[in-house]
Amino acid sequence: MAHFDIGYRRCLAPDGRPLEALPDLAHDAETLIGLYRAMVRTRTFDAKAVALQRTGRLGTFASSLGQEAVPVGIASAMCAEDVLLPSYREHGAQLWRGVTPLELFLYWGGDERGSDFSGPRQDFPCCVPVGSHAPHAAGVALAFKLRRERRVAVAIFGDGATSKGDVAEALNIAGVWQLPAVFVVTNNQWAISVPRRRQSAAETLAQKAVAAGIPGEQVDGNDVIAVRQAAAAALERARTGGGASLIEAVTYRLADHTTADDASRYRDDAEVSRHWPEEPLIRLRAYLAKIGRWTKDDEERLLAATAAEIDAAASAYLATEPQPPESMFDYTFARLPTDLSGQRAQALAPVPATGPEPMTAR
Amino acid sequence: MAHFDIGYRRCLAPDGRPLEALPDLAHDAETLIGLYRAMVRTRTFDAKAVALQRTGRLGTFASSLGQEAVPVGIASAMCAEDVLLPSYREHGAQLWRGVTPLELFLYWGGDERGSDFSGPRQDFPCCVPVGSHAPHAAGVALAFKLRRERRVAVAIFGDGATSKGDVAEALNIAGVWQLPAVFVVTNNQWAISVPRRRQSAAETLAQKAVAAGIPGEQVDGNDVIAVRQAAAAALERARTGGGASLIEAVTYRLADHTTADDASRYRDDAEVSRHWPEEPLIRLRAYLAKIGRWTKDDEERLLAATAAEIDAAASAYLATEPQPPESMFDYTFARLPTDLSGQRAQALAPVPATGPEPMTAR
Amino acid sequence: MVEITLIQAVTLALARAMEEDPRVLVLGEDVGADGGVFRATDGLLARFGAERVLDTPLAEAAIAGLSIGLAAQGFRPVAEIQFTGFIYPAIDQLVNHASRLRTRTRGRITCPMVLRSPSGGGVHAPEHHSESPEAMFAHIPGLRVVIPSSPRRAYGMLLAAIRDADPVVFLEPTRLYRASREDVADDGAGLPLDRCFVLREGTDTTLIAWGGMVREALAAADALAQEGVSAAVIDVATLKPLDAETIVASVGKTGRCVIAQEAPLTGGFAGEIAARLAERGLMTLLAPIERVAGYDTVMPLPRLEHLYLPNAARIAAAALRAMAYA
Amino acid sequence: MVEITLIQAVTLALARAMEEDPRVLVLGEDVGADGGVFRATDGLLARFGAERVLDTPLAEAAIAGLSIGLAAQGFRPVAEIQFTGFIYPAIDQLVNHASRLRTRTRGRITCPMVLRSPSGGGVHAPEHHSESPEAMFAHIPGLRVVIPSSPRRAYGMLLAAIRDADPVVFLEPTRLYRASREDVADDGAGLPLDRCFVLREGTDTTLIAWGGMVREALAAADALAQEGVSAAVIDVATLKPLDAETIVASVGKTGRCVIAQEAPLTGGFAGEIAARLAERGLMTLLAPIERVAGYDTVMPLPRLEHLYLPNAARIAAAALRAMAYA
Ligand SMILES: Cc1ncc(C[n+]2csc(CCOP(=O)(O)OP(=O)(O)O)c2C)c(N)n1
Ligand SMILES: Cc1ncc(C[n+]2csc(CCOP(=O)(O)OP(=O)(O)O)c2C)c(N)n1
Ligand SMILES: [Mg+2]
Ligand SMILES: [Mg+2]
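Read top to bottom, the protein sequences are chains H, V, F and X.
For the first sequence, the working numbering begins at 1 and goes up steadily by one.
For the second sequence, the working numbering begins at 1001 and goes up steadily by one.
For the third sequence, the working numbering begins at 2001 and goes up steadily by one.
For the fourth sequence, the working numbering begins at 3001 and goes up steadily by one.
Calculated directly from the structure, the hints in this document are not laboratory data.
If you're wondering where the values come from, they're calculated on a predicted model, not measured in any experiment.
If a hint is listed, it holds; no wrong ones were tucked in.
Pairs of lysine to any residue, SDA-like flavour, derived with a Cα cap of 25 Å:
hint, chain 1, residue 1, chain 2, residue 2
1, V, K1145, F, R2163
2, V, K1145, F, A2015
3, X, K3253, F, M2283
4, X, K3253, X, D3204
5, H, K145, X, F3048
6, X, K3253, F, T2284
7, H, K290, H, P18
8, X, K3253, H, T338
9, H, K145, X, R3023
10, H, K145, V, R1198
11, F, K2253, X, M3283
12, F, K2253, V, D1339
13, H, K290, H, R17
14, V, K1145, H, A201
15, H, K145, V, A1201
16, F, K2253, X, L3282
17, F, K2253, F, R2200
18, H, K296, H, H27
19, H, K145, V, R1197
20, V, K1145, F, A2046
21, F, K2253, X, L3286
22, V, K1145, H, P195
23, X, K3253, H, D339
24, H, K145, V, P1195
25, X, K3253, F, R2280
26, H, K145, X, R3047
27, V, K1145, F, G2049
28, V, K1145, F, A2050
Model the full structure from these sequences, guided by the hints.
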């Protein structure tokens, strides 16, 4: 016989009211302000990216509107030497870890240099094939374990990803090898048009951990304090030899799936409206205001500064020349094989080429 | 918060002593004798197949020695119109359902006609790529559900298979769509050389069900009464709209993985010896003897009859001419495409071909 | 008869097939209320209900595996893989099961299923959304591989694929989805799945293409005509089983050819066609067989995509190179 | 120097690589105590310990994915997929990640990993144990595809593959594992991964093969010699990147060729080689390019396997057909 419990963690109510005994973190206003700034920065980046896409100056983009507490909460609990393996909706975590807004714009603008992070050099690039980075996290964690480094691999993916075999395989291996890895499910209730309840009959997604014999926990993903606490606990466990765990952060995707999506085809505006009051910025701002650490002025200054930073990055992005044609070839292998050098020469020859078409599709 | 329990079912102790309150089935001696006969028949088939392989007259073969209670217990709880999706070690279930020993010999002898079952026409052939038939079971079950048929798809696979993404994907889908499917893990403690504890940190394999939100149960897989009871309950649930479930039958692989394997490389003989007293035939025979329904004479008559049947099938197998060369082509598509008819003609032309090499490798 | 796009033709064929055969089901990610990310299944949920239009969980291997189970049970599943960049987890099911259930069971269990997927680049899509892996599928015995390149062919070939008794991988060139319109009669008429389509006759050279490259080949033929070169254009359309006859016959007449594929050169299906010609048409060739293909590199992200994609200019240039021979 | 088999050469190379580079790890199903089902990793666990020889759970996609994570972190994982019939679930990781991490990150993250797998038929193995899917891998940009066909080449090419900075799919012809012995010096010398091996010079025709077909090509050359036909034999060995020069040069001299592959004909790598010849060597060809291949059918179960597999006789017959030309 075996028994399992899946816990749920929440520190602040949606209106910012503290619940029960708050963790120490909740009394560390400087840190909370840092988290708030990061969430605002993420939202500002998202808004700018959507605007650029709408005006044909960026490719298809996946906004994290309303989910900012998850990537920020997770990343803020990580050490610099840990490795992040994000999916495509974790700009918040990437920005926290030092990926620059310019790099992110480049990536989403269709330029590989955007994944050549100047900051966290070992972090993985965005993973588009859903869930397929989960096994990489196990591999990175195995590397840490074998080298006896106190580092942790952190993979973030969505509720939809939990249906993928890759994720189950990775969790299982991380479990049996007690790897220093933390897997985070950003349950934003939707995988494009498929609602959470039609993705799995599991009452929680945290219980995917049970299949792997690792701890699983659900957390209010709009409560950045709770997310960070859960992440800190999981990271600490991983760092000290306690093995892998799974965190399900329950949030809501307020935006369309991507700029190529029209969510009104499959969900009511009313549903979206119902979730707005629960979004994470309101909550932390209200709490900070309640404890006297955030004013309207602070807010305005922050918005202005963030907008200026992101706008400058956008301008730099728009001013960036495309890579030269040979860049197509020069990173395929460490050394260009003979068989490819002919193709390279051909591509560089002044052959007639049609110009780039306008950026439209998804 | 969510809670889960994984139960364990056992009816007879290894020495045949009844435990607690026995189910009705345990008092139905005719049925039990049928189960006993089926297990003996399975073991006889296995022994013959190994003997044929050892003498170069059969291909690589996977024996189910010691695990007979699982396939027999499961198959005996199924209805004829249910569909079985076996892996490669479920001869016991196939034989129960009407696949003939001759067909099984043909299959393991390298002849496709062995999968053209005369009996259960809709049962799937053996599945060699581990776990890859689990999604087929979900598809078959979906067909039943859509047609509103009271039928169940039953997939059987090993402890190793539970690490495969396919199995997790299939369980999850069967869960969310409440499909009439039963998934059975034959946990025989080994996946070739990898012991159960190094396959997963999960305390039980039954708890893989938790990830899918379906019921999971552990059962003593050497206790055919318990296996059949568990199967009957899961089948009934599936048949009456209650959805899918998972049964972990805990048993032990007494044989080498296959005839190509040498288990002494990775496990002690002592471990194997320790498990012999728990094997399923002893147990049921002892119980039947205890309740006065099985004698030495019965045993001898059964062994003789079974040996005669299996020997006859082996002779028929050995006397079966190979298929004609055109059989390679004639089942590739419903109608032979022009592009293939040229190849067919070429293959049938009296081209020089080397003869078959002796059967050796794994 | 109405002028419709290729994607609309796909929808029309799906609806027709579902109308005429209750065994036909549509399944995949977002095929229901969303109508598919490209709208291929738009309106089908409303019309045929949730038991025939199934939104699956996010699991491509299982989508293929489910389809196999359904097909084995007599349904005619038409599964959508959202982009071919995500089809790879389904390959195991295609190779090891879908394509060989018939042969493994000597015809007892069969697998009449269609796996549809938008394929190819040219639409400035994100990473992994511009793949052209058709050659991988064309190497799998027991599978048909079909790529339509016009609304009419999409309609007729999809109907034929759904009606076929065996598994079909049906790749739809994303960049042609809305590229042009054509009159398509919703008459339920299928098109053969073992025949190339000669789109244009010609005497000097034969341009051979499929999918997104067909439009480029036609444009190249126009350009060549300006230079006084008469180019035949063949849409291969069904890669497997291949209609080598039509190709060999055309090249037999013209003596020259250019085979265009969007996929990376090495190991692509253009190689197979070139090999067929080198085996069977060698003696009629006047010039080397030219292949115009993607480079053996990962397709660049959108900003440089146009430098990667073969186009009419490259095809025409290759044809002119060949014209330089006798 | 000792006479060893191909499988022993694999073991020797693995041990050597592990000895000389602590970053080299071996992982896969049953690679530990069991030493691999073919014994490729025999003795490595005892010698290098459980932190460098890892028995994985049964999950091929994850084996590839783990290797990617390890490689990104600077390890040099050598993963075993037990049979190529079970490699398909790993394709997604190879296509979408291993082969493109370098290009996606402009060289920031790389993926020096080797995926080894016994490949091909001819050993009377069960279903799904006789696959030859090399062409699928050879179509993936950013991947190397290597198939040794002798103990020495197995040793040298495996060492080179492990030392290579990029991912390599290393397919080992099962039927050659114990087919013959050869002196192999354990000198740590790698062999190039971008070069074909000319095993025999010849003047009338060129026999081109890889893997299990190399032995058949050599036997065919012997048979042809008896008929007075001088056949060069080339072991392609590295399919990607392809050394087209060596092949074109040989066929340029002989004017005729037979390309032998065990895989099904259509979409196989022989097509690529034929296409290269048709592009670059066309004008020197005296006869059509002959391909001898498996049929476009699922490989039959062992009882009929010998009827399916291309062999020396079929290769020789094709060569003689070509000899009939001028
Ligand atoms: C393997 C794979 N299949 C399909 C897709 C197409 N796709 C992109 S995002 C998405 C939904 C993902 O949902 P979820 O995992 O919940 O993440 P979210 O987008 O909500 O952040 C799908 C189906 C993909 N990228 N990868
Ligand atoms: C996908 C896949 N990978 C590897 C193999 C090779 N293989 C055959 S059986 C086996 C072990 C299976 O173990 P388990 O699932 O416990 O079943 P058992 O053999 O014990 O019945 C392996 C690795 C395979 N058949 N399929
Ligand atoms: Mg989601
Ligand atoms: Mg087992």
